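Peer 1: Here is how the chains run, residue by residue.
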Amino acid sequence: MASGPWWRIGWRNLGRNRRRTLITAAGLAFGYLAVVVLIGLMDGLTAEMIESGTGVLSGQLQVHDLEYRPERKIYDTIGGRDGTDVDRLVREIAADPVVEAAAPRVFAGGLVSSGESTVAGILMGVDPELEPRVSRLMSGMVRGRAPMAGTNEILIGSEMARQLEVDVGDEIILVAPAADGSMGNDLYTVSGVYQSGMAELDASYAVVPIGSLQILVALDPGRIHEIAASATDPWLAPEAADRLTASLSPLGLDVEVAPWTELRPEMLDYAQLADGWRFIVIFIVFAIAIFGVANTMLMATYERRRELAVMLALGTTPFSIVRSVLSEALALGILSLAFGAAITFPVMFWFHNAPPDLSWLYGDYTIFGALIRPRLRVEYHFAMALWTGVALLITALLASLYPAARAARVPPADTLSGL
Amino acid sequence: MHRTCTLSLVLALFSAPTLARGQESASEIIDRVDRIMRGESSHGIATMDVVTENWDRSMTMEIWSLGTDYSLIRITAPNKEAGTATLKAVDDIWNYLPRVDRTIKIPASLMMGAWMGSHFTNDDLVKESRLIEDYDIEISFEGEREGVEVWEFVLTPKPEAAVVWGRITYEVRKDDLMPTWARYYDEDDTLVRTLTFSDYRVMGGRLVPAAMDLYPEDKPGERTSVRYSEIDFDIEIDEGFFSLRSLRSRR
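As given, the protein sequences belong to chains V and A, one line each in that order. Residues 1 to 419, numbered by the working numbering, are exactly what the first sequence covers, in order. Residues 1 to 251, numbered by the working numbering, are exactly what the second sequence covers, in order.
None of these hints come from the bench; they were simulated from the model. These numbers come from a predicted model, not from an experiment. Backbone N, C-alpha and C define an ideal beta-carbon position, used for all residues, glycine too. Treat each hint with caution, since some may be false.
[Claimed, not checked] Beta-carbon label-pair distances, calculated as ranges:
#, chain 1, residue 1, chain 2, residue 2, range
1, V, D254, A, D189, 36 to 44 Å
2, A, S58, V, Q195, 41 to 49 Å
3, A, D218, V, L386, 54 to 62 Å
[Said to hold, decoys possible] With a cut-off of at most 30 Å between alpha-carbon atoms, the simulated DSBU-like pairs for lysine-lysine come out as follows:
#, chain 1, residue 1, chain 2, residue 2
4, V, K73, A, K105
5, V, K73, A, K219
6, V, K73, A, K174
7, A, K219, A, K158
Could you build the full structure based on these sequences and the hints that come with them?
Peer 2: Shown next as structure tokens:
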């Protein structure tokens, strides 16, 4: 098609009515822009959801005793009753190339009380040094500071602080059923108040230094429930989990390494659904564009029917006419694609590096318990940009099939005689 | 037409009083059982053994009660828990924690939480005395079981009652009004736990079951057993005793 005179004829026919060509090319170019940016925004939303859903609390990877999930009993610590060498295990996990940082955690359910008010809380014992590298819970502080290791200090959520009517510096009582059957209880001082934006978290999670929680619930220092880890790329977490499962098995600890895709399957489902939607977006946008292109090509061939009649009268085969029209369509497609890419990539670059903030329009919202900031964040997806370009060219060709067929069937004698 | 009307009227006249009496007497029996077990007031010493999959422990406690509204339980052993006390006043429960010298009130939302790590809940302390108020009681069986004449009662919650059980069945010996067991079912009519009474003996001038064992259905092998070593009834005690101050001060 690109060889011979037909390609040149097609290309030059575009210049016959430049304004019309430009308008049609602009239509396709904006279709390209719409598809690439929409897909980018969908990917951006998915990425935001995964980052927020795993980054605030859970981390992208978690290591537990095999028995721990889903009941999360206080007795099911890593390494069983005897516990484990926590520092060594944390180091082993942090050594994985995908793992950014790892931090140990102890959990207990208990009562948090102050004065007349008592609420049920999830007490989370963390290493104040390591934890901020894994989750953002401790960095979401609105008042005060993080609890310090070796003290009875506690960081509580803003909603819990409101319910208990306490603030930084106030004293609260923790009561928790301990692993030996006794009722652990002790006084703590509120060192800080955090706000994650997720109401259920802000109302129920209280963070204390890991050692102090172990004393409260009668667990030895070697007994922890979880090691959470952050990954350099959330999508690499599943393979890191497989790698860690293999590398930790010689320790004989009976642990499971679960990536976020296993801990939060609903988020994975959503991400996969969003992937499927990409092609639906391409289909919808180009299905609309195809009629515009078809219309233009129909016009362009109709006004040239005398010319086509002459060509046919001079012995051009109908198939060559089809080739010339399709060449014209392909040339239009390539022009549109160049135009589209020229307007799309600056927008993508802008939205990716400095996402427009829509918080003046919407507040934060949550999907599957993950906090989403109202920003037009896009993620690059070069394969999809390529596929969209292919879809654009196919659209231009498909749209020209009918006009080309009609052009090839122009009756030369009738047309030239002015009928 | 006239005849059927008369007939149903006659039937109604005959059946209604019988039904009413059956209902009344079932509640009356439960009420009497309750009064024997409780007295106007009481003071006793008991040990509680809790056996779970993960640990066993034993606690000794001193218990005071007044009517159905007030009770005070103070742990006396082991040392780690000694002084820990629970006050129940009408619908409220407070726990005193000697280690931090603070009292905390258990909120309504946590009434189903375990009491002192046992299989009893805070709700049991509040609701144990309310069977007659909260449940419609009927006799479902009357006759001999294992050589003993017994009644079996079915307690179904009254529509307006805020209770956690869907149904309770309760067996009482006819001759001495001693309870033998109670079974607690949830709203899906699944057996959740069984409470058995045993070791009937005379303490404080009355025949009482000195031993109670609670078996949760979902945790086979686990139990909480309460054994009274002594108990006195109708002692000199007033509402002032059941205050937050006495909860904290008497160690």
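Peer 1: Is the Cα-Cα distance between K73 (chain V) and K105 (chain A) 30 Å or less?
Peer 2: 25 Å, holds
Peer 1: Against the 30 Å threshold, does the CA-CA distance of K219 (chain A) and K158 (chain A) hold or violate the hint?
Peer 2: 29 Å, holds
Peer 1: Go ahead and decide if the range 36 to 44 Å is satisfied by the Cβ distance of D254 (chain V) to D189 (chain A).
Peer 2: Between D254 (chain V) and D189 (chain A), where Cβ atoms are some 38 Å apart, the hint holds.
Peer 1: Just to be sure I understand the hint, the distance between the Cβ atoms of D218 (chain A) and L386 (chain V) should be within 54 to 62 Å; is that true here?
Peer 2: 57 Å, holds
Peer 1: Return holds or violated for the Cβ distance of S58 (chain A) and Q195 (chain V) against the range 41 to 49 Å.
Peer 2: 45 Å, holds
Peer 1: Would the pair K73 (chain V) and K219 (chain A) pass a check requiring their Cα atoms to be no farther apart than 30 Å?
Peer 2: Holds - the C-alpha atoms of K219 (chain A) and K73 (chain V) are around 14 Å apart, at most 30 Å.
Peer 1: Tell me if the straight-line CA distance from K73 (chain V) to K174 (chain A) falls inside 30 Å.
Peer 2: Given pair K73 (chain V), K174 (chain A) is violated - Cα atoms ~44 Å apart, limit 30 Å.
Of the numbered hints stated above, the single one contradicted by the structure is hint 6.
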